[in-house]
Each structure stands twice: as structure tokens, then as C-alpha cells.
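Student: Sequence:
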Amino acid sequence: MLISGRQLPPQWSIPDFVRTVLGNEAVQSPSFLKTVFYDFAIHGPGSWFFDEVIKLIDLINASL
1 MLISGRQLPP
11 QWSIPDFVRT
21 VLGNEAVQSP
31 SFLKTVFYDF
41 AIHGPGSWFF
51 DEVIKLIDLI
61 NASL
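Residue numbering for the sequence shown follows my numbering, beginning at 1 and increasing consecutively.
FYI, nobody ran anything at the bench for these hints, they're computed from the structure. Fair warning: there could be bad hints in the mix.
Computed beta-carbon distance windows for the label pairs [to be verified]:
{"no.": "1", "residue 1": "Tyr-38", "residue 2": "Ala-62", "range": "26 to 34 Å"}
{"no.": "2", "residue 1": "Tyr-38", "residue 2": "Leu-64", "range": "32 to 40 Å"}
{"no.": "3", "residue 1": "Ser-31", "residue 2": "Gln-11", "range": "28 to 36 Å"}
{"no.": "4", "residue 1": "Ala-62", "residue 2": "Ser-31", "range": "30 to 38 Å"}
{"no.": "5", "residue 1": "Ala-62", "residue 2": "Ile-42", "range": "24 to 32 Å"}
{"no.": "6", "residue 1": "Asp-58", "residue 2": "Arg-19", "range": "17 to 25 Å"}
{"no.": "7", "residue 1": "Asp-58", "residue 2": "Pro-30", "range": "26 to 34 Å"}
{"no.": "8", "residue 1": "Leu-64", "residue 2": "Lys-34", "range": "31 to 39 Å"}
{"no.": "9", "residue 1": "Ser-4", "residue 2": "Phe-37", "range": "13 to 21 Å"}
{"no.": "10", "residue 1": "Asn-61", "residue 2": "Pro-15", "range": "18 to 26 Å"}
{"no.": "11", "residue 1": "Ala-62", "residue 2": "Ser-13", "range": "15 to 23 Å"}
{"no.": "12", "residue 1": "Asp-51", "residue 2": "Pro-15", "range": "15 to 23 Å"}
{"no.": "13", "residue 1": "Ile-54", "residue 2": "Pro-10", "range": "15 to 23 Å"}
No residue lacks a Cβ here, since even glycine has one placed at the ideal position from N, Cα and C.
Could you put together the complete structure from these sequences and hints?
Tutor: Next comes the structure, spelled out in C-alpha cells:
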């Protein structure tokens, strides 16, 4: 997965990565997922989810 010029290492699956960003409990909350979806749909790259994704990818790549 390539986001803003950043590459998610192949050992990370997309579902595992999203669970790590959101947390296991949040992934099981339909209302929370709806909030995340609308925030991302409205704000796109400016959403808090996207910001957290970028931070985590940078952290993962820095530790390799």
C-alpha cells in the first residue's frame, strides 16, 4: 500500500493495519466506524484517520 509516497511494508495486511490505527474495540463499534468513514469522506487527506495512518507508517518504516 502506497500513501503519500509512503510504503506500508508487505508483512502488514490492510485489516491488521487498520485495526492497529483504530484499535480492536473501535473496529467492532458500528457507530465509531461510521464516524471514521464520514470524517474520511468529508476531509480526505485532512482527516484525523489519515493523519494517524501517516504517523504509523512513518513509525513502522523508521523501525525497519
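Student: Now, for every hint given, state plainly whether the structure supports it.
Tutor: Hint check results:
Against the hinted window of 26 to 34 Å, the Cβ-Cβ separation of Tyr-38 and Ala-62 comes to about 31 Å, which satisfies the hint. Take Tyr-38 and Leu-64: their Cβ atoms lie about 33 Å apart, and the range 32 to 40 Å holds. With their beta carbons about 31 Å apart, Ser-31 and Gln-11 fall inside the hinted range of 28 to 36 Å. In this structure, Ala-62 and Ser-31 meet the distance hint of 30 to 38 Å, their C-beta atoms being roughly 34 Å apart.
Range check, Ala-62 to Ile-42: about 30 Å between beta-carbon atoms, so the 24 to 32 Å window is met. The given range of 17 to 25 Å is respected by Asp-58 and Arg-19, whose C-beta atoms sit roughly 18 Å from each other. A hinted range of 26 to 34 Å for the beta carbons of Asp-58 and Pro-30 is consistent with their spacing of about 30 Å. At about 34 Å, the beta-carbon gap between Leu-64 and Lys-34 stays in the expected band of 31 to 39 Å.
The hinted window of 13 to 21 Å between Ser-4 and Phe-37 holds, with their beta carbons roughly 20 Å apart. Under the hint 18 to 26 Å, the C-beta atoms of Asn-61 and Pro-15, about 19 Å apart, fit the expected range. Restraint check, Ala-62 to Ser-13: a C-beta distance of roughly 20 Å satisfies the suggested window 15 to 23 Å. A hinted range of 15 to 23 Å holds for the C-beta pair Asp-51 and Pro-15, which are about 20 Å apart.
Evaluation of the 15 to 23 Å hint for Ile-54 and Pro-10 yields a pass: the beta carbon distance comes to about 18 Å.
Every hint from the earlier list agrees with this structure, and none is contradicted.
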